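From first to last, the protein sequence lines stand for chains A and B. With the UniProt record's numbering, letter number 150 in the first sequence gets 150, and the count goes up by one each step, no holes. With the UniProt record's numbering, letter number 6 in the second sequence gets 6, and the count goes up by one each step, no holes.
FYI, nobody ran anything at the bench for these hints, they're computed from the structure. Hints are supplied without guarantee of correctness; some may be wrong.
Said to hold, decoys possible - Subject to a maximum C-alpha distance of 30 Å in a straight line, what follows is the list of computed DSSO-like cross-link-like pairs (lysine-lysine):
1) A/K225 with B/K132
2) A/K111 with B/K28
3) A/K75 with B/K141
4) B/K178 with A/K75
5) B/K132 with A/K27
6) A/K111 with B/K172
7) B/K132 with A/K75
8) B/K81 with A/K30
9) B/K65 with A/K176
10) B/K28 with A/K27
11) A/K225 with B/K178
12) A/K176 with B/K81
13) A/K30 with B/K150
14) A/K111 with B/K200
15) A/K75 with B/K19
16) B/K200 with A/K27
17) A/K253 with B/K65
18) B/K70 with A/K111
19) B/K199 with A/K111
20) A/K176 with B/K61
21) B/K65 with A/K30
22) B/K61 with A/K30
In this text, all values refer to a predicted model and were calculated from it rather than measured experimentally.
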Amino acid sequence: MGKILDKIKLGKVLVSDGAWGTFLQQKGLKTGECPEEWNITHPDEVLDIARSYIEAGADMVETNSFGGTRFKLEKYGLEDKVFELNKAAAEISRKAAGDKFVLGSVGPTGKILMMGDVTEEELFEAFKEQAKGLESGGADAIMIETMSDLDEARIAIQAAKQHTRLEVFCTMTFEKTVTGEFRSMMGVSPTEMVQTLVGAGAELIGANCGNGMVGMVAIVEEIRKANAEIPILVHANAGMPVYSDGETVFPEKPDEMATLVPKIIKAGANVIGGCCGTTPEHICKVRDAIDKS
Amino acid sequence: MSELLSNIAECIEFGKINKVAPFPPQMKGQDGADELTRQALDEGISAQRILTEGLMVGMEKVGIKFRENKVFVPQVLMSAKAMSTAMIHLKPFFLSGEVKEKGTFIIGTVEGDLHDIGKNLVSMMVEGNGWKVVDLGTDVKAEQFVSAIKEHQNAFVGLSALLTTTMVSMEKITKAIKEAIPEAKVAVGGAPVTDDFRKKIGADVYSPDPQGLVEYLNAQVA
Ligand code: B1M
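Let the hints inform the model, and build the full structure from the sequences given.
What follows is the structure in structure tokens.
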């Protein structure tokens, strides 16, 4: 297929979607409820989210399957529904996307390899199972995201590469340390990430969550320096969260986010979208900014 | 004798679990927290001293290095594992009454939150200070805290949260506890929590670290 990558090779900067988690909560998802179960119980609400990002001008939309591995689903007693819930997730986003692309979202399992929580084989099987569900529901690519452990990321990429025919993408989450460098929770730098992910077969890499656009510019520069060719995606938060009056608020407004678009393109980004706190309005402004630049 | 304690502290600081553990590479083949703690007990050093002058010293050092981003989660996890391995040797002394149980402390990570490294450290330190600890695990709902307090009369309760999103459920849980058992004392902690926040939600005490919590608990029964 190579569809998304083909567009990037033509020199196009593409727009991805914005936040899902907060959007689902607005629609009534409660803490303690399984977001992926909504693909079966509330398909219209999920469709509505996907559609609102496509209408905002996104070239691609993710699926409601971030916690769709058996290790996450078992908390809700849904570990036997991995294939079904992921397939449904992809079908819903496919329906919303039309001729736009669908990125099958795969998040971390929450298990830590080095602590012996799981074996590499168990992780591989879990990612394989999820990726196959997403492929059968019509995803164009597998989007492995917000990883913090290099080994888990590598295993997820290998499972998706070996067991689907889809393009495989992977992002990690970085935080700024007190010394001003960027590191994942497990201590991985953007530079260290590049070789392992590309070596495992990821065809696009990047960063999501953990930073607003400002931090993302620096991260993209670091990735670009380590690899001149690999396509880069960012899903930036709407700034850094502040806690006020019983609520977590992401302060960056759509216009503020959009002003940094030229800068992040210059740094080397090929796909730009949002994470926590971003809305269809943010994506709409990013679209405008890309079209203008 | 004190050299042995500082060797134990070093094992905790660098995450050396036992002799066969391959991590960290620079300590390969040396005795780890497991062997040295056993040896210290055999030499007649008290469990309390091993805890406060060995294990906790090491743990404090990793904690500081972690805060300064000089080490990352893998190292903290290895240190925590080394500490829990050593605690297995010390536990019988705390339970047998060589150190008398001061009371019961119930702890859990709040609903929606799965972070348990910090909570486990708090548990170990509270237990090591002579308290019976009832650990409810992670993702603990208000009702679970309430029924545990009902089961263990006069117990103190601690809530841990690591996410700005789940810290919000501390308020709900504290309210539910106070409603069901008005005299219950609720402690809160975890990286995003502050004393201001504690006041706002009506909890009784906040501590940024396990030591502060231990001091509070001990003062309550002194
Ligand atoms: C009752 O009285 C008391 C008193 C004192 C108390 C107390 C209670 N509780 C704690 N204390 C105190 O004593 C302890 C010892 O000194 C201290 O405990 P702490 O827990 O603070 O400290 C521990 C000793 C060490 N610290 C830790 O263990 C936390 C470290 C970091 C790196 C971290 C880890 C390890 C993990 N994580 Co997560 N994680 C991060 C953390 C970032 C960081 N650098 O701090 C943080 C907390 N995580 C975050 C996120 C976003 C997430 N994590 C997630 C998952 C994970 C792992 C599973 C990978 C792993 C947890 C493993 C485990 N079994 O616990 C996800 C959430 C899962 C969930 N539902 O809970 C996920 C959502 C990531 C994702 N996209 O999937 C961020 C929270 C952002 C926010 N402000 O809300 C985060 C700050 C990293 C970041 N900057 O992005 C004190 O606070």
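Failing hints, ascending?
Numbers 1, 5, 8, 10, 11, 14, 15, 17, 19, 21 and 22 - these are the hints that the structure violates, sorted from lowest upward.
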